[in-house]
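With the sequences and hints as input, model every part of the structure.
For reference, the chains in residue letters:
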Amino acid sequence: MSDGATVSTGTTVSMGTTVSTRLRVDGEPVELSVDARVTLLDALRDLLGVTGPKKGCDHGQCGACTVRVEGRTALSCLTLLAAAEGADVETVHALAADPRGARLREAFVAHDAFQCGFCTPGQLMSAFAALDRPDLEDPAAIREFMSGNLCRCGAYPNIVAAIRQARGGHGA
Amino acid sequence: MREFAFARAATVDDAVAAPDGAMFLAGGTTLVDLMKLGVLRPRVVMDINALPLREITLDEAGLTVGAGARMSDLATHPDAVRAFPLVVQALLAGASQQIRNMASIGGNLMQRTRCGYYRDPGSACNRRDPGGGCAALDGANRTHAVLGTSPSCVATHPGDLAVALTALDATVRIAGRGGERDLPLAAFYRVPGGTPHIENALGPGELITAVHVPFADGHSAYVKVRDRASYEFALASAAVLLRVREGVIAAARVAVGGVATVPWRLPAVEAALTGLPATPGGFDGAAARAAEGARALAHNGYKIPLLRNTVLRAVEEALAR
Ligand SMILES: Cc1cc2nc3c(=O)[nH]c(=O)nc-3n(C[C@H](O)[C@H](O)[C@H](O)COP(=O)(O)OP(=O)(O)OC[C@H]3O[C@@H](n4cnc5c(N)ncnc54)[C@H](O)[C@@H]3O)c2cc1C
Ligand code: FES
Ligand code: FES
Numbered sequence: 672m673s674d675g676a677t678v679s680t681g682t683t684v685s686m687g688t689t690v691s692t693r694l695r696v697d698g699e700p701v702e703l704s705v706d707a708r709v710t711l712l713d714a715l716r717d718l719l720g721v722t723g724p725k726k727g728c729d730h731g732q733c734g735a736c737t738v739r740v741e742g743r744t745a746l747s748c749l750t751l752l753a754a755a756e757g758a759d760v761e762t763v764h765a766l767a768a769d770p771r772g773a774r775l776r777e778a779f780v781a782h783d784a785f786q787c788g789f790c791t792p793g794q795l796m797s798a799f800a801a802l803d804r805p806d807l808e809d810p811a812a813i814r815e816f817m818s819g820n821l822c823r824c825g826a827y828p829n830i831v832a833a834i835r836q837a838r839g840g841h842g843a
Numbered sequence: 020m021r022e023f024a025f026a027r028a029a030t031v032d033d034a035v036a037a038p039d040g041a042m043f044l045a046g047g048t049t050l051v052d053l054m055k056l057g058v059l060r061p062r063v064v065m066d067i068n069a070l071p072l073r074e075i076t077l078d079e080a081g082l083t084v085g086a087g088a089r090m091s092d093l094a095t096h097p098d099a100v101r102a103f104p105l106v107v108q109a110l111l112a113g114a115s116q117q118i119r120n121m122a123s124i125g126g127n128l129m130q131r132t133r134c135g136y137y138r139d140p141g142s143a144c145n146r147r148d149p150g151g152g153c154a155a156l157d158g159a160n161r162t163h164a165v166l167g168t169s170p171s172c173v174a175t176h177p178g179d180l181a182v183a184l185t186a187l188d189a190t191v192r193i194a195g196r197g198g199e200r201d202l203p204l205a206a207f208y209r210v211p212g213g214t215p216h217i218e219n220a221l222g223p224g225e226l227i228t229a230v231h232v233p234f235a236d237g238h239s240a241y242v243k244v245r246d247r248a249s250y251e252f253a254l255a256s257a258a259v260l261l262r263v264r265e266g267v268i269a270a271a272r273v274a275v276g277g278v279a280t281v282p283w284r285l286p287a288v289e290a291a292l293t294g295l296p297a298t299p300g301g302f303d304g305a306a307a308r309a310a311e312g313a314r315a316l317a318h319n320g321y322k323i324p325l326l327r328n329t330v331l332r333a334v335e336e337a338l339a340r
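Respectively, the protein sequence lines represent chains G and A. Counting in my numbering, the first sequence runs without a single skipped number right up to 843 at its last residue. Counting in my numbering, the second sequence runs without a single skipped number right up to 340 at its last residue.
It should be emphasised that the hints constitute simulated quantities derived from the structure, not laboratory data. Do not rely on the hints blindly, as some may be mistaken.
[Unchecked claim] For lysine to aspartate or glutamate, the following EDC-like pairs were computed, each having C-alpha atoms within a straight-line distance of at most 16 Å: (1) A:Lys55 to G:Asp729; (2) A:Lys55 to G:Asp706; (3) A:Lys55 to A:Asp139; (4) G:Lys726 to G:Asp713; (5) A:Lys55 to A:Asp98; (6) A:Lys55 to G:Asp713.
This is how it looks when you write it as structure tokens:
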């Protein structure tokens, strides 16, 4: 199918195999005109050089690619770039600028919450979301909340301890 | 991934006028995954995320959930949490917090089986490729269905929400080129029979716009058994709602997942539970009826006792609430 084909309806919807998408990445406005098959993850890593989000499974099964879209955690490997039109996308790089993000990072270091570090950017994005939640007092609830982030190095107990510390007081 | 044209629908009318062979894109957690695998190969992908379908409203009749609402929106909605704990429990038992943020209620009802042969275009699969055969019949079928199967297909419906909604007699609202219609969820899904590629009642261009869940009071529980404690699909699950009057079960609704080709209601179990004292113990006979008509394959015979025990546990957990 060629670019710019149209579906005729009441309001004409333009469509094409190349799509233009405008979004914000870590606060910076970005516009990309690329093949509609490109995922947000590949756009971040390969087109924009934002390599914090990692490609583990590319199928929604590991969490390494976790970012925030409109303030909510999402998997960038299952998000088409074109579907992120107008979205505010934040990666692990944005956490450094946030005092709570910086505290979380320190807690990960203090608790040795990683070994190879490949899963860590995704873990940090989910852990950051866990800071706000009043229902994550006990370790079991934190483990359940973090279950969408796999760690092949098995740093799970240390990740939970780091999150408890960053949430305030516990787990030190 | 096969090349496709991408379109953004601004209105429901735009969406239902999509050309034949188009597929709607909501959260993408099923569609993008299966396009990458080459299982779904739409020529047109129509993004429906700008449609005004995200509202969740409560009225005298029950809860109406826009098809574009996300799993996490519904799981945290105060009306759902208060009046529909079975729905919330089933939602929170599914996927991961990231996926629940992305996944829409409409897309959830439309998710595809996790059968490994369906997901592998190199394997025989009647569901993906009508007439191609079924590699699961004589293959690795530990996770496959024991209810609702046919010689053409033994794949399970993998969802959790749909099981709770089936127990609750939910209906789906469907928009098409000729207007809107309502359909009970029980009539939405199709058992495979000889046509496993026809999974549901949607016609060309039809869009789910909302799900309606009628009020139903009682004690409820959703129990899900899986290979790991979280972020995993069900091997067996059960949604139970029991109304108790004067110490006796006056009405029962039971649906199961992970064991059947579609979300599966168990009227024989419901009838057997009705009239029993609502006190712990004594439900084994009723739960045993869950597996009536079940047929095991080479590797999934364990699902027959697992199904009975999952129903039993859900009944006991419901009464304990
Ligand atoms: C790793 C992983 C684990 C998971 N675990 C679970 C689990 O434990 N339990 C569970 O229940 N689910 C689980 N899921 C499945 C997940 O819940 C579904 O993928 C999700 O709900 C689909 O919603 P979506 O909005 O992302 O759909 P999309 O991927 O956008 O669409 C899915 C399908 O529905 C169609 N569609 C979307 N919206 C509509 C509409 N309004 N009307 C008509 N058709 C529509 C699309 O065309 C497509 O065919 C898991 C998924 C993954 C990737
Ligand atoms: S790379 Fe996205 S979930 Fe694994
Ligand atoms: S630190 Fe190696 S995968 Fe988690």
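For each hint, the structure was consulted:
1. A:Lys55 to G:Asp729: 9 Å, holds
2. A:Lys55 to G:Asp706: 14 Å, holds
3. A:Lys55 to A:Asp139: Between lysine 55 of chain A and aspartate 139 of chain A the Cα gap is close to 11 Å, so the pair holds against 16 Å.
4. G:Lys726 to G:Asp713: 9 Å, holds
5. A:Lys55 to A:Asp98: 37 Å, violated
6. A:Lys55 to G:Asp713: 13 Å, holds
Hint 5 alone, counting from the list given before, is not met by this structure.
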